[in-house]
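**Q** Below, each chain spelled out in residue letters.
4 protein chains.
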Amino acid sequence: MTPTPKPADHFSFGLWTVGWQARDPFGDATRPPLDPVESVHRLAELGAWGVTFHDDDLIPFGSDDGERDKHILRFKEALAETGLVVPMMTTNLFTHPVFKDGGFTSNDRSVRRYAIRKVMRNLDLAADLGASTYVFWGGREGSESDAAKDVRAALDRYREAIDLLAEYVLDRGYGTRFAIEPKPNEPRGDILLPTVGSALAFISTLEHADMVGVNPEVGHEQMANMNFVHSISQALWQGKLFHIDLNGQRGAKFDQDLIFGHGDLLSAFFLVDLLENGGPSGAPAYDGPRHFDYKPLRTDGVDGVWESARANMVTYLVLKERAAAFRADPEVQQALSAARVAELAQPSVAPGEGYKGLLGDRSSYEDFDVEAAASRSYGFVRLSQLAVEHALGAR
Amino acid sequence: MTPTPKPADHFSFGLWTVGWQARDPFGDATRPPLDPVESVHRLAELGAWGVTFHDDDLIPFGSDDGERDKHILRFKEALAETGLVVPMMTTNLFTHPVFKDGGFTSNDRSVRRYAIRKVMRNLDLAADLGASTYVFWGGREGSESDAAKDVRAALDRYREAIDLLAEYVLDRGYGTRFAIEPKPNEPRGDILLPTVGSALAFISTLEHADMVGVNPEVGHEQMANMNFVHSISQALWQGKLFHIDLNGQRGAKFDQDLIFGHGDLLSAFFLVDLLENGGPSGAPAYDGPRHFDYKPLRTDGVDGVWESARANMVTYLVLKERAAAFRADPEVQQALSAARVAELAQPSVAPGEGYKGLLGDRSSYEDFDVEAAASRSYGFVRLSQLAVEHALGAR
Amino acid sequence: MTPTPKPADHFSFGLWTVGWQARDPFGDATRPPLDPVESVHRLAELGAWGVTFHDDDLIPFGSDDGERDKHILRFKEALAETGLVVPMMTTNLFTHPVFKDGGFTSNDRSVRRYAIRKVMRNLDLAADLGASTYVFWGGREGSESDAAKDVRAALDRYREAIDLLAEYVLDRGYGTRFAIEPKPNEPRGDILLPTVGSALAFISTLEHADMVGVNPEVGHEQMANMNFVHSISQALWQGKLFHIDLNGQRGAKFDQDLIFGHGDLLSAFFLVDLLENGGPSGAPAYDGPRHFDYKPLRTDGVDGVWESARANMVTYLVLKERAAAFRADPEVQQALSAARVAELAQPSVAPGEGYKGLLGDRSSYEDFDVEAAASRSYGFVRLSQLAVEHALGAR
Amino acid sequence: MTPTPKPADHFSFGLWTVGWQARDPFGDATRPPLDPVESVHRLAELGAWGVTFHDDDLIPFGSDDGERDKHILRFKEALAETGLVVPMMTTNLFTHPVFKDGGFTSNDRSVRRYAIRKVMRNLDLAADLGASTYVFWGGREGSESDAAKDVRAALDRYREAIDLLAEYVLDRGYGTRFAIEPKPNEPRGDILLPTVGSALAFISTLEHADMVGVNPEVGHEQMANMNFVHSISQALWQGKLFHIDLNGQRGAKFDQDLIFGHGDLLSAFFLVDLLENGGPSGAPAYDGPRHFDYKPLRTDGVDGVWESARANMVTYLVLKERAAAFRADPEVQQALSAARVAELAQPSVAPGEGYKGLLGDRSSYEDFDVEAAASRSYGFVRLSQLAVEHALGAR
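Residue numbers (our numbering), protein chains in the order written: chain S, 400 to 794; chain Y, 400 to 794; chain R, 400 to 794; chain P, 400 to 794.
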């Protein structure tokens, strides 16, 4: 039997995922619009814990204040009825043509100012709804020609915007944390902050760097051929994994937003293993939302929408079981030991030894038996194969 | 006539580039070994300014102290005779089987200690030869299976090694700066610090972060589908472009190390434009070595070695001329203005305005004419086409 | 001065290119609709020779017969006024949701029948307008999961459809030739007949293979990391280059449809050289339309639409000049000779020699001086560099 | 328990796979040479059925006739002792520098003649050893610059060589079939016949096309972002899957030659399903050797060599079990039916109907309810998820 999702699993979904009408660059919508209130109810029935959204997902762009309030009220009622929470919110700075050259980094200063204001307004709502994380996906911040964008000036403006918004949140006492979502390209030819690494580097320059982390998406990193588990590891290592977008992708191509596990399945296994068992002594390495940012296949009707929502969660839970069994297997423990995986946690230089001690240790260099060390097998084949067999449920 | 390279152009070459014997994963060497002394002389004749090397390029692995001294002495004589300088040096932590699981991040602690010692020894030589930059390319720091490498522990060890070596350099008063060279994969399935962004992020965590920058290579970034000009721009923006490796690559495939310009030629044009004219008021954005890290085609004999060395420099100089003409063209100036490229350097919020001022400015949001702003053309097509025509020497 | 396009250059454009309203997967349209009649006039003014279209570009999907006739009449008048011809037409089997699982290879048989009928109807119009080439881009023929599509059955249906339509054209005496346009992915996760090679292979199985060729698109091949010049060469070699789609792409990512030359500029140079000078004795290797299938940048207004149309043609003409100069340069001739490029046209076995003669020739094997042959330089570096310098207009 | 490989499973290995000494472009060998005789014995013990090789794997390049005979004799004895067969052989036309510009398509005619002779000699041995398939991997047939290779002439020479060798085999009555192995790049910048499709297209032009098929390799197709299951399907559809190379690859990068299943695991599941259950009524779609062309990880010693050999076979067998369960699951049968997967095997036009019948069927077009057809869900999500769950052994 496949496992059943429940709120304690902390699964969340974007309104724009199940609500995607399946309009793509070459085709019209294949599904009718979905009422956010219905999405909340259906997700709750399926065992989800949270729901997330861009401002325009809930409140159509251009709504007046009265309409806006009505949309919010209906939504809050649905949350109350279902118990779903809103762990994250974000801004749409990409659909309307005004953002065609970006929001925070548009060459047009008036657009930049408008974009910042649009975020501010939605930050108030995020605080009202208790969203503790606010995501920034700068999908339009980029260029198609290097002639048209002064990237260093763009990064100045990006920083200016984030710094200003951080100050706003701090002054208001909202307690919201920011999470930047990298993506290498699409819809722009090249997007600024293309990978988790570049976003982490950017964050290190911010005035309130402590309240800004990343929101990596499986497919976005894989579009750049990055090893997603490595990217997540570096984000965790820098204390910056504030949120995560789970989905699937099949290589360096357009952004597919497949169901989690329907892309690189082996990487999905290792990702769940890292998130759930990757901490010291096997504790979860990440305790935030397990958020799905995917698209139900365009070939399917509304049945496929809910089937796919469920599929994301079930696959995650199956992989969690597989990862637990992997960690618990004595043969795996033995193989990890043979592969010296834990030895890497041991500092290369002993406490107090310093480079001077190392220089004085002839066994480290002058008398080091290079050939003997070179001939030792790391036994990585056996360990990798145990992982594959566990992923397949074959042990 | 094509331009003639001269030392003032600050072109430098790795000994391993012209000296590559053309052994590849499927084939044996096609060229005889090249004496480093000959390389120094030939490069000087061609107009180069500097030469760089890994320890083992000059001093074969396993040489005893006497042999080592002889190799160094001969090399110094060649430098003295030709006037070539050694602006950069680096360590080979990848050829010998002892490094098969990495140097600083090998699961085997004794290998890590040996690797650090190997670097230390070569840092002394770098100081002796006046190399102001020391490059770290961790080509073996990585993995093929996520089961086999605890990436967070690996980053701890990577940092430990760099911190220790920085302390060593500081204590000795060498004045050397470090430059980390990112690469996404090959020879490892996935390499740690795969892109410029991830290296910059890593550097931000170092004890002596101020003395550590990056050494981006054209092909390495392009293997991950990164826009190299964007990557370099972020490195410059963070004050971290300490060195650069120029070459060519044709997309996401094995590391080709083509001649500069023989890969993505349009990107090469924009790169040279950024390096030479990218600063405020058109000043060079980078004043370090123009270093070529490429491989002469395996099909060619020694003639192709020197022909290719020259080709790298000539193409750079042609592109420099093209970029200067691009910047000087009044039509380009007009197109840049129409595209509001410089407007991006203007802060989005006026001095002293802050978010409070922005909130109070109804013209920024409440009264902002979104449709009017959306309908303005950025004129990027014209600007891009002017760049292409200048690259082609057609204006 | 940049060259001026004229009808004799045989440049053609799809109505959907200049008419693209710039709706993308993450954003709404940024430009108003363009009347096909206006496009015809503007393209003619810019020096184009032909215009092409999908049925639905001219006649909105669902038009009744009366409306259809009006659209066609107006369009014919514009053609008559401008002298523009319609060298190619094609069918839209991808925008309407009915085609969400494909046209000819939809799992739903009734959709397949409908798709074939839609093509038939438009083939009549193509004949009426004198279009000699009819393109099949099966953008929706594919899958996201290997479970959902029996690829061999799909190829059976694909062949059935093409065979049937070929028979229809033959019976009617239209004289139309078919050209299949390959693409690896987008909008489907994987598209059938992903590359020029797979389309050529498919064609070899058709009942009327002689009337079916390919319509390769620069960006589509480059999305799969194919060398476009190699792909075109194989198509020419098999006598199957019936049409070509020129544009630009920057690596393995979403389908960018950039202006020709704004992607891989060096490959564009070699492509134009092949098309214009690639035949025996330097004659054009291809005499069909130079057709642009690109998208004006979404950031630009209507000004960018016409500027980009012009840019495609100008860049082609500049590259044609560069290629002519390259071929005419005595140094290039010498380098080609040194590189033995023409020697490859000489059969490996002499006329009448056969394998028996070869077996009897001891100089070919038993007495062959392998080391001497191995040590000969091919001089490819010099030849490549001459090409780069010519592309840059530097010689 | 994981399944145990046995000869009836028809697993075969290249001598060069287990025998790879782990020399890579950046590093020296990490393992000692392996005696082919030992490999035969070890593979037999592990349950393999066949062994394959390049001429130079068994008989070092340059061996004289006496040495050659001794190597062959020892090898035959090992085969006799173990019962292993030699189902396939091939030629090394890539390691020696003489082949630096290719074998059959070198610009140097004398090299082309030598290459053909080298193959002839080895074809005699293949016949002697009973190898029914002879593979051609033209790894050096290609170029780095489009200036240096006349691709159409190269294809002429490629065809000339294959035609000649086919005639040789026919005249001698060897009964050998040829299988061309495509690869997009590495070691050449671009290799001729880069994908299964281009090889199939080339084969259609051969004089003895019926005796020539393809030998697709998982990683080679995936380096070009091809869906391997689609590629294999087209090869099967054209009756040309003569042999297959199983391994693993993680995206568009250097040729990794990972253990089967250690790359794209979900694609491996669908591949095994196709090979084992893909024929009409669930029969195997392919009955040839299950051949592994992989490299044991360079980090591992000889232990990893045999562990990895075993791992390839075990993973294949686990996936075979998973695929059988997938096909047998009533829910899967129902989902396949709902997704109309089998309906695609039904011709679009009824027997005898022809295009005329279709034209006359108003229900196919004039009266077709497009919107109703568009609104039907294909149910691909459910089917895909069932496949994922079966792959994970979760049902």
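These aren't lab readings, by the way, just hints derived from the structure by calculation.
Being a predicted model, the structure only gives us computed values, none of them experimental.
All residues carry an ideal CB built from backbone N, CA and C; glycine is no exception.
Worth double-checking, as some hints may not be accurate.
[Stated by the list, open to error] Chain Y stretches covered by chain P per the calculated footprint, using a threshold of three residues with CB under 8 Å from any CB of chain P: (1) 481-495; (2) 692-701; (3) 705-717.
**Q** It remains to establish, for every hint, whether it holds in the given structure.
**A** Cross-check of the supplied hints:
Closer than 8 Å: that is the beta-carbon criterion, and the segment 481-495 of chain Y has 3 residues meeting it against chain P, so the requirement of 3 holds. Here the segment 692-701 of chain Y counts 3 residues with a CB under 8 Å from a CB of chain P, which clears the bar of 3, and the coverage holds. For the segment 705-717 of chain Y, the stated coverage by chain P is violated: 0 residues have a C-beta nearer than 8 Å to a C-beta of that chain, whereas at least 3 were required.
The structure does not agree with numbered hint 3 stated previously, though it agrees with all others.
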